Amino acid sequence: MKKIIIVIILVLALLQISACSNKTVAENKSNTSNTSNTSNTVNTANSVNIVSGEINNTRGKGLEVNSPSSNIDTSSNTINDISNWNHPVKYVFKNANIQIEKVNFKNNKTYPIFYIDLTKNIDFDNKTYYKNLINQLATANGYWDYEIIDTKKDIDIKVICDRSKGNVKQIIYNKDNNYFAESQNDKNDTKNTDNELINYLINNVSEVKSFINSLKNNENAKGIVYVERYPDKNSSNVYIRDYYGLYVGEEHTDHNVNIYRFAINKDTKEILYYDVVNDKYESISDWRKK
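Residue numbers -19 to -1, 1 to 271, in mature numbering (1 follows the signal peptide of the UniProt record, and there is no 0), belong to the letters of the sequence shown in order.
Hints were generated in silico from the structure; no laboratory data involved.
Just to be clear, a hint being listed does not mean it is correct.
[What the hints assert, rightly or not] Calculated cross-link-like contacts (lysine-lysine; reagent style PhoX-like; alpha-carbon spacing at most 20 Å):
no.	residue 1	residue 2
1	K108	K146
2	K247	K172
3	K108	K134
4	K247	K261
5	K90	K101
Because the structure is a prediction, the values reported are computed rather than measured.
Construct all of the structure, not just a fragment, from the sequences and the given hints.
Shown next as structure tokens:
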């Protein structure tokens, strides 16, 4: 009898030990699973944060866009804070040493009026200079119509463009339609010079050629290159005096996006890269080292 009781006690003890062992294994598996899930969650979250950071950094850089209004407060029709306004037109005025006082918009923000302080009188000696400037502004503005007003000199210049053809149709200077009228020969000379400079840049800077080629089959944008500034013989700045300025970017249906800017010497044909952010010119070799 005693032997039977001892056997029963031993069996019960073994069953209890087995149950405890199974419970411990189950708990360990559960903890391992939870730890694994937690680890995966943390890694996933970190991955998302990294990607988000990259996206935010990319967006934070900002892009220069040449729709008439560009990056402005959509609730306002006036830009007074020119320093925070980013637009190709701004650089054309800057290179010409012309101060922009403010910009007003009409026609649902498609017609900009630039209030400026002109540095030169509009006369016979400066006629060609201003004709070039007006064309450069038209190009930088994506061939939207625009207007220039200098209240101190009582000057009002209205510029009518053809966006489909990418040219200036008419310049009205203080109600005079003929003051800046160009002959067909003048237009042809300008076009030939521009084409020569554009082809020279594309053929001598491989980055530009690669960029243009990369967008050949793109349905949403195409690569564009244009001359945005002509040499100003009266400038004290050697780069403004002796170099053409060229713009490289993406052309979309309603705006352009700037990618590069270069300068080409009018005599030596030296090509320089223009760093817009730091406002400095550098050799192509130095630019490529960055």
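Need the status of pair K247, K172: alpha-carbon distance at most 20 Å?
Judged against 20 Å, a Cα distance of about 16 Å means the pair holds.
For the pair supplied as a hint, K108 and K146, confirm whether the alpha-carbon distance does not exceed 20 Å.
24 Å, violated
20 Å Cα cutoff - pair K90, K101
29 Å, violated
K108 and K134 were given as a pair; does the straight-line alpha-carbon distance stay at or below 20 Å?
Holds, at about 16 Å.
Hinted pair, alpha-carbon criterion (20 Å max): K247, K261. Please report holds or violated.
With a Cα-Cα distance of about 18 Å, the restraint between K247 and K261 holds, given a limit of 20 Å.
Hints 1, 5, counting from the list given before, are not met by this structure.
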